[in-house]
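Here is what each chain is made of, one letter per residue.
Number of protein chains: 2
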Amino acid sequence: MSLKTQYILDALHKLFKGNTKELHKPFFAGNEKKYLEDCINSSYVSYVGKYVQEFEQSLCKFTGCKRAIVFSNGTSALQIALIAAGIKAKHEVLLPSLTFVATANAISHAGAIPHFIDSREYDLGIDPDALESWLRYSTIKKNGECINKKTNRVIKAVVPMHTFGHPSSMEEIIKISNDYNLLVIEDAAEAIGSFYKGVHVGNFGIAGVLSFNGNKTITTGGGGAIITNDLLLADTARHISTTAKIPHQWEFIHDQVGYNLRMPNINAAVGCAQLEQIKSILENKRLLFDKYENAFKGIEGIKVIKEPSNCSSNYWLQGIIIDKNLAYLRDEILEETNKVGISSRPIWRPLHLLKPYLNCPAAPLPQAKDLYSRIINLPSGVDVL
Amino acid sequence: MSLKTQYILDALHKLFKGNTKELHKPFFAGNEKKYLEDCINSSYVSYVGKYVQEFEQSLCKFTGCKRAIVFSNGTSALQIALIAAGIKAKHEVLLPSLTFVATANAISHAGAIPHFIDSREYDLGIDPDALESWLRYSTIKKNGECINKKTNRVIKAVVPMHTFGHPSSMEEIIKISNDYNLLVIEDAAEAIGSFYKGVHVGNFGIAGVLSFNGNKTITTGGGGAIITNDLLLADTARHISTTAKIPHQWEFIHDQVGYNLRMPNINAAVGCAQLEQIKSILENKRLLFDKYENAFKGIEGIKVIKEPSNCSSNYWLQGIIIDKNLAYLRDEILEETNKVGISSRPIWRPLHLLKPYLNCPAAPLPQAKDLYSRIINLPSGVDVL
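In the order they appear, the protein sequences are chains A and B.
Using numbering that gives the first Met the number 0, read the first sequence as starting at 0 and increasing by one per residue.
Using numbering that gives the first Met the number 0, read the second sequence as starting at 0 and increasing by one per residue.
Hints in this document: simulated from the structure, not taken from any laboratory.
One thing to keep in mind: the hints can contain errors.
Where chains are identical, the list cannot tell them apart; a pair therefore holds if satisfied intra-copy or between any two copies.
[Stated by the list, open to error] SDA-like cross-link-like pairs, simulated, lysine to any residue; straight-line CA separation at most 25 Å: (1) LYS148 with ILE320; (2) LYS87 with LYS354; (3) LYS368 with GLN255; (4) LYS338 with ILE139; (5) LYS338 with TRP249; (6) LYS24 with GLU36; (7) LYS24 with LYS49; (8) LYS49 with ASN177; (9) LYS32 with ASN214; (10) LYS290 with PRO360; (11) LYS323 with GLY143; (12) LYS278 with GLY197; (13) LYS89 with ILE239; (14) LYS87 with ARG152; (15) LYS89 with CYS359; (16) LYS60 with GLU170; (17) LYS24 with VAL303; (18) LYS196 with ASN180; (19) LYS87 with LYS305; (20) LYS65 with SER1; (21) LYS32 with ASN202; (22) LYS244 with ARG344; (23) LYS32 with ILE320; (24) LYS3 with ILE298; (25) LYS354 with ASP234; (26) LYS244 with GLY340; (27) LYS32 with GLU53; (28) LYS33 with LYS49; (29) LYS13 with ILE252.
Full structure from sequences and hints, please.
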């Protein structure tokens, strides 16, 4: 083992007092059991129930969005957000290559084609300069639409993803998107509790999407939400994800191909209890960042990933980024930490390198590949401290 | 109000002792709360957890299938079953027009085109004679494939649906499907606990799909399952519904466009508790059928819907079928029963009459339209007795 890896291991052992640590562990210290018991007592466990309504209202209040619609998972929420925003088959949708595969899957499920953009080290999100220069170089405007010169397809939207909870540069991305007539749908799956210049993420585009998977800041078992200030988009999303049924006293009339993707009441019940505790969860995660920063401060070439300026990140997933000349140590660090029960993982393999997305349109992606070789995530749950 | 409607109302009032009744109400008298509490205590609430495994194993045991994979809902389970069975974009898939819209939606989500077949009064499922004569008239065989002569597309599969839990005529449907090289995927969303000649439905085709929606015989809040005896299909379904991730110690490698549609552990926990009680639930539903039959026996022109011979139905949804010459009374009966708090509804509007499916290929559908005008569902939950 290299000396550098040994230093890292020593720092982690000291921080965790020799204990093993998982990457994520959900934290339940509130009304979860009480609300679940109430669901069973009331017999409201399915798509209709007071916790669904309460969770949607609480999400609006917490994020400052006008409307929230909850789903069985974040991928489905993003798929429906795209469809409700008007994304159609064969549209291209821009997204970072450096994201979890669900972002591209949701675009594919909506019938559209992922088109990859580079990320940058500063906030681990879409690089606004790379986005702007790629659009200038590779597209033309025709009838107000942004056309990919190579494929002749309409580029309709951009989906920034707030990596590990750190907000992407929304001001720049929104400006460029307006210039090129692109819709913005924020993949905020990792970012509940993250604010960009004081505004909760998901409020910048036409819609944002949250996830409540078991590994997220708060969980509903499995779940997701669309948050939006666009009332028409909200109505459309709710309608098509509830089998597109037209209200009628008894007849079953459905006016388009619909989906059945809503969040059940029992999952929303857990969500209500979790959201009540989010402030202390977020405080804990900021504290954990401080502890990591303190633990690694003497080790040259290792930097703990920090929120961008003017932002308040939820610090969903903690991580370090190693200097380029130490990138060769990534796998050794992963191996040695996991060997002693301190869970770690690299960032996702950039999507343009995965078999299903190899042939998708893509801008040059040097930074995505570089960042992939240098980022390591570390235990991030409330149980770590 | 007509005299006939008055007789029906009187019979229902007498049966329910003047109480109001919902159409469906889930029944929780077992370990639901205990297992949910265990999930929260263990912190396993998401896609990994012992209840997911236990529920899948219990479903195998109960249905006699080799494998079960649980999903966030039945529509998604059917979509994945179709994809895993090899249904591709532009394939046509046969289904009854007289089914809930989810059957056609799942086929559409798989990229295929619904192709409607008539149903019959005997079992409310696909009419085998209509199926056979339509295939003989409208298709040709080319390279072993069944080709729709009019559209030139491959007809790849048939999806029988077991209406209200009553098994379709699987022996005849399987024979015809074999003759025409069609795969059979059973939509058994309504039919957990239903047996055709002693074998649980879902065992006749290459796969079957169950639903655990809140209105079903047993519920998980929202949920569904694929049951199958085809191990390759089971592996494929599990893989693509879990983001198609290749096992690796830490790398995120996905080998195809995947989905995130698995059932969370908290929903499976409710499912485990529910499945423990299914015998008594099924007994209660058979008893309710007897009571309805007894209640209506003096009323001419009204028949309580009964399981086909050689079958044991779960009697998920109870209903009556009125004689053709009384069809004009359907809406009056619906109105008067709902007015006094006895929930009732017609069968689904046949799908070929709905806007999204108006232009799909279809056989002649006289029986579907006729049955639609004469079937009324009545309160069916365990709470009714």
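Output the indices of the hints that this structure fails to meet, ascending. Violated hints: 1, 4, 8, 10, 11, 19, 20, 21, 23, 29; rest satisfied.
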